[in-house]
Amino acid sequence: MKTKRYVARSKAIAARSLGDETMVMSAVNSTLFTLDEVASVIWESADGMTPLDEIVANKICTRFDIAPEVAMKDAETLVENLAGHGILLLSDRPLPRPGNARPENL
Amino acid sequence: MSGLIMEMAAKALKLNIPLNVQLDLTYRCNERCIHCYLDHDDHGEMTTAEIKDLLDQMAIAGVFYLTLSGGEIMMRRDFFEILEHARLRTFCVKLKTNAVLIREKEAKQLRELGVEGVQISVYSHRAEVHDEITKMPGSFRQTMEAIRFLGQQGLHVTLANVLMTQNAGDYTGVKTMATELGATYTVDPTITPMMDGDRSILNLNVSHAQLQGVFRDEALVGNVEEFCAPPMSADEDALNMLPCSAGHTACYVSPYGDVYPCVQFPMACGNVRETKFADIWRDSPQLKEVRSITLRDMPTCSQCTHGSSCTRCPGLAFLEGNMRGPSYQDCQKSYARTGIPSENFKAKNAAPKPLQSVGLIQIQGLQPAVQDISNQAAEVAVAGV
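Going down the list, the sequences are from chains A and B.
Take 24 as the starting number for the first sequence in my numbering and just add one per residue.
Take 545 as the starting number for the second sequence in my numbering and just add one per residue.
Same shape as in the complex, but just chain A (with noise of 0.2 Å):
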């Protein structure tokens, strides 16, 4: 059975929405990044709790045209790439209190 894995917005970001994409700045470099209008889907379900697995079943693949499998795979490199620039946090557990995730939505 493959790992579940969980995802989190980091707390070193600024962000916002701009109509369906999402403006993210790392606090730590001023890399400013653009998320379309599904990876913004992605950005806003990174609660920590909920496996990426299933944001992509019950949030993409119920909003969008796309394949689960296909949209798995994407999502998965979507979030390496993010966690790559440190402005999401990836584990194999849930993130409780995603250190450092936007604690309060808006």
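Please note: incorrect hints may appear among the correct ones.
[Claimed, not checked] Incomplete in silico selection of chain B near chain A, CB under 8 Å:
#: 1; residue: 547
#: 2; residue: 548
#: 3; residue: 552
#: 4; residue: 700
#: 5; residue: 729
If you are wondering where the hints come from, they were derived from the structure by calculation, not from laboratory data.
Everything numeric in this text was worked out from a predicted model, so none of it was measured.
A virtual CB, placed ideally from N, CA and C, is assigned to each residue, including glycine.
Using the hints, position chain B against chain A.
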């Protein structure tokens, strides 16, 4: 401004989102700079709770870049509480400060809270000149110490160097100092009127020759030939241009909750103590009027050869009596830069009238303005699934 930031700004403009807000937390200050456009009394600043509520509202409205300024921001005892709340709301926070009250502990806190950058006013590389401008003995030493503390924390520091007669020749020294300190340098050669309409501090402005010197310094402007090139007349595209981001994707909120298009554009558009921030942003008749103005609507500037390349500030024009009119200070800058007088400049010279006596609106209870968008950010566009 970089490509991705421009793209985001264009999208914010299209969606009518206030991407960029400057919030002055207080007008109180521990320095008494001779060129300051503010009075430093507290006329009823917003409380901690009011500011937190405003931050919540601004986050919902879509504000991304939040500049906290003053006065001196550290004069508020609740400054770090406010900053922490702003970061909880995931604003990209920049600070403007004289840094006198920033010691190691504060620098560490700022780093831990993830501020994007700290802009610090520095007037000279010579302590006596800096202190003479701030009217605070020892301020240069304290500010320099703070810059080092911030640098040790890896924070991005910008030295903001406002030029006036007292320090006109010192910008090279400040720029060198910035390099040595690992800081960014920015220069502003313009002293603007006080927000109550008092123009007496304009006497501090550098001379035409000194302004020309600044504009012809390759270390500051890059390609001098390009920077000082003769202007091109405004074409159809230029005539449809918006003057600046003030009121379009940016605005300013005073310590008393008054909302203005910009810190330098004291046209009251509403107060957040009476009306929700988003309602002011969306429905204010004043902001709607500001948004309606293009270069085409400016009788003098649309006919001016500098029309498409002028740095005309609508707020300064407003302070001179007409937000659709020219700003004489920007006409002076265009002239110093290119050697070609603007239409307004020619008219003024034909009928000489001292700048200090230009008819003014007198504004009561209003305060200043400024805007800036992050231009330090690298950028990456990330596509999802």
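field: Satisfaction of the residue 552 of chain B interface hint, Cβ to chain A closer than 8 Å
entry: 6 Å, holds
message: Please check whether residue 547 of chain B passes as an interface residue: C-beta within 8 Å of a C-beta belonging to chain A.
response: 10 Å, violated
query: Is the interface hint for residue 548 of chain B satisfied, with its Cβ closer than 8 Å to some Cβ of chain A?
result: 6 Å, holds
- request: Have a go at the residue 700 of chain B hint: is there a Cβ in chain A nearer than 8 Å to its own Cβ?
  value: 7 Å, holds
- request: Grab the minimum C-beta distance from residue 729 of chain B to chain A and call the hint holds if it beats 8 Å, violated otherwise.
  value: 17 Å, violated
The structure shown violates the earlier hints numbered 1 and 5.
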